[in-house]
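Visitor: Could you slot chain C onto chain U? The hints should help.
Number of protein chains: 2
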Amino acid sequence: MKSVDNQSFLRFLDRANQISSLTDLGQLLDQTLAFAFDIFGAQFGTLYLRTLPSNQQDEFELILKAIKEQGSDSGTYNQDVINQKVVLYTGPIMEALSQHKITETEIQQPFPLSTYVPLGELPVCPGTNMLILPLAVNDEILGSIHLYAYEPGIAETLSPFIQRLATEIDKLIRINAYQHYNERLKELIEYIGRIGSSLDRDQILKTIIADATELLGAEASSLFLVDEATGDSVLKIASNMDVLSIEEVRIPPGKGIIGATIQTGISTLVDDSTQDKRHYNRVDKESGFNTRSLVAVPLKTRPIALGEELGSTEERIIGALESLNKKEGAFDQNDIELLKTLANQTATVLQIAEIYSDANSLFMDIIKALAAAIDAKDPYTVGHSHRVSTFAIAVARQLGLSPDVIQHIRIGGLLHDIGKIGVPDAILLKPGKLTQEEYSWMKKHPEVGENIMSQVRMLHNALPCLGEHHEKVDGTGYPRGLKGDQISLLGRIIAVADVFDAITSDRPYRAGVSVEDGITILREGIGTQFDEICAKAIIELIQNGKIIPHLNCA
Amino acid sequence: MKSVDNQSFLRFLDRANQISSLTDLGQLLDQTLAFAFDIFGAQFGTLYLRTLPSNQQDEFELILKAIKEQGSDSGTYNQDVINQKVVLYTGPIMEALSQHKITETEIQQPFPLSTYVPLGELPVCPGTNMLILPLAVNDEILGSIHLYAYEPGIAETLSPFIQRLATEIDKLIRINAYQHYNERLKELIEYIGRIGSSLDRDQILKTIIADATELLGAEASSLFLVDEATGDSVLKIASNMDVLSIEEVRIPPGKGIIGATIQTGISTLVDDSTQDKRHYNRVDKESGFNTRSLVAVPLKTRPIALGEELGSTEERIIGALESLNKKEGAFDQNDIELLKTLANQTATVLQIAEIYSDANSLFMDIIKALAAAIDAKDPYTVGHSHRVSTFAIAVARQLGLSPDVIQHIRIGGLLHDIGKIGVPDAILLKPGKLTQEEYSWMKKHPEVGENIMSQVRMLHNALPCLGEHHEKVDGTGYPRGLKGDQISLLGRIIAVADVFDAITSDRPYRAGVSVEDGITILREGIGTQFDEICAKAIIELIQNGKIIPHLNCA
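Sequence order for the protein chains is U and C.
Mind the numbering: the first sequence is residues 1 to 554 in this note's numbering, read in order.
Mind the numbering: the second sequence is residues 1 to 554 in this note's numbering, read in order.
Just chain U, with the same shape it has in the complex (with noise of 0.2 Å):
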């Protein structure tokens, strides 16, 4: 052993300690060759890190992280060639790593330059000396260091002071994945916040297409959702591709590695998707999309509590979620994760909204079934009540009004007859003029209304509409004769949609006016019968084609 003095010694400990303390990985590494070129006296050194060992045992993967050269702070390398990768299978570097063994050699033929660095050529001569000191944490290679025209004999004394810095930088890297990892947990918990806060499905879609791609570093995402009747997977949105070509989108069962996906719900991580057979092409065919890689995983929701009477729904996978061509490396055990997790919190969100959905459209259709009802008891009155909500609603987002305020119109132009449940076949459906007292019964519809939905806290709202709808600004309205802004905007605004579908419409006794005869009944009606804001809107909106007599609503 060649001899290094004491003080020689204490030097290098005190260096590798000043190393050992900084917490950025690259100058850790630069640091470290430099170090190892310096106690070695290199004209030349490279420091290489190990990819994650994968299955193969028979390859090493390393990956270029620092260089170094005599005279040169930073090489004489572009810094470019950092992060390049080599693959080694044979050659006295994969010898000594894979013997974990200190080596010494010279560089020559036949060995390919490439074997030593990625750059195609050294800037040293064959026949210089080379040395190989892996660095290994518990048995396992962390990475390399390569010195060339390094001073021969002390290898043996002095590689303990850089095999010190090993753990130092394993616990580096992984003290940086850990960093990494828990960024992206906490993306992935703002994700599922924010899709959580919708019932809006069309916007849960687009969120979790954005957010899927953005938290797996993907160049795109796209969801299919089964098609319940068929057993089709149907692409419903996907990212960075062209929509239109893709709206045809169906995967039969079972078809393809969404189909699998979707059947077995299990999920599936694909490298090379030009390789694998079981990739579903016509999606990249019709977008013009060129998958590489991807993460495809089930959609599978949580049973939902729908609280104490009404049980719970089941646990079952509505569709798939997949991102397409990892921007940087290659999708790993993390990404399915992540993605997974994603995915099983959106598809209970879809649920969430679909049962929202439901129980939003259960009101409207009863609604608007018992709507139909009341107005069939005449035929001349079919559709009165849907066409009254719709020219409401039109008048309401004329003047501007919030879709709370436009949601209780809607409602309430639907109920506004339904008092007259209250009002006796014989007079409802009288075809002749009615006598004092059938009137003062019939004038009574709007309270009966009122009260009958009076018991439906959540309607207190649109109540007006079905009480104040035959109400005049001047007063002589029924029933209560209130007067201007006494009669709430509700009551204004559906007291013109009323009017003007009534006028519009055949009645027994008369046939219904025209269009033109019907803002002139508007118009002439402003200051006495109706409100000026709310005539005014409507016959602008007459006008512009935008409200129609005799709609046919669905």
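Simulated from the structure, these hints should not be mistaken for lab results.
Computed from a prediction, not measured in an experiment: that's the story for all the values here.
One or more of the hints may lead you astray.
Claimed, not checked - Pairwise CB distance ranges, derived in the manner of DEER restraints:
# : chain 1 : residue 1 : chain 2 : residue 2 : range
1 : C       : Glu183    : U       : Asn83     : 25 to 35 Å
2 : C       : Glu140    : U       : Gly265    : 42 to 52 Å
3 : U       : Thr105    : C       : Thr23     : 31 to 41 Å
Where a beta carbon is used, it is the ideal one built from N, C-alpha and C, also for glycine.
Guide: Leaving out everything else, chain C in the frame of chain U:
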């Protein structure tokens, strides 16, 4: 400097490298102390880690992590003393650490022995020499090694071998912290997913309390919601507390930590609640729970998108969540962040549950209002539909039917007579016997009801309640004259409920029969008018007092 030979240097370096590859922090610390113990030939030694630097610059808080005594592997001291805390304000250790200085001293009076170890006595006499080796990374004190009765004069030479392990210890601590934090984030994701899959408010409240307690490693948690009417915060649920005694707890707006958290939206961490004047200790007093420390976070909802036509709700603070008494260690910033994320998600989910519950209530309320309006046309049938629904649900439960079938029966029972909208009042309200023609009008109501509601896609499964409640099992019923199993179970259930309510109610032309007579009529109708199973079920329920005629249905 005392001379140490090359061989020893290399041996030390090699041993330090071996130790550095340990992945368990406890082992790494034990081995580091053992290493120092050996190279300095000490009789007794301790290793402390510093707790996270606090704001106080004039103290060092140290946690005992390893002890070693000559001739004993685990020391003569019980391992219980491990993790005991000492706070230093003065003395040689305090001085050595604040100056980052390797210090050789002697144990002497008047330093209390507890300055050195938290054990009260050292296994070495006063006058013994003592070496203090601060462990530092990047000028931050990480901990300290104390050796007693050691070989003097070699500290400067050999301490770099010990210092060499400081960065390894520091990195391993950080890896452990990241690992722990990652696990907590994953736990949080799991909890968020679970909470987000419920639309059942009570279940959400129960789940969140358990999850918050678990996530924060706390002894208990409690949740307050703002009472919109008064602005008070009302305790809704709490773990590990006597629920009976806390049911009345209301906190006035802005009062105490909970009130302040809700008012400001700022999270609060209280280390010692007995010292914090804001702590509103009425809950403690009433529950007998002793709050020592707490984290309180606001329950802030995200804006919830309700769908294109419905707009969205606004972000707001609906209450607060607090976790009490950390079981190990003290609450920290991570605890606040995790609980805040959980709380925000909970707030959003509670809002969604409320929106869903509102949509359901809106539907149920409107159905009830309509049923009541139909029943109210005839003073003798007031409350009939509600009673039929209630009786039919009881029968369905008795028969063990599923929640979704029961929901169809609930709705179908309320709506079974809705077809009477189409029956002229003259017939409906006629006091005497109906003519043949009037009766055939009357017999149309099941079909009319079915027709009206057939527009409502989601009520298809409830339609038999409307269409088949006047069918009889012998085929003599109307409108279709179905026999036995041709009548759906729903129709057969509504039939017994409908008849029992009708016969026990007063009518213009007769008084209602007694419960006993009602049972007799039901029993006699088995096989002709009534299905056997349904009739026996309702009879049993009547006999057990679970179905009471003229039940006042609110």
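Visitor: Take the hints in turn and mark each one as holding or not.
Guide: Taking the hints in turn, this is what the structure says about them:
no.	hint	verdict
1	C:Glu183 <-> U:Asn83: 25 to 35 Å	holds, 31 Å
2	C:Glu140 <-> U:Gly265: 42 to 52 Å	holds, 49 Å
3	U:Thr105 <-> C:Thr23: 31 to 41 Å	holds, 33 Å
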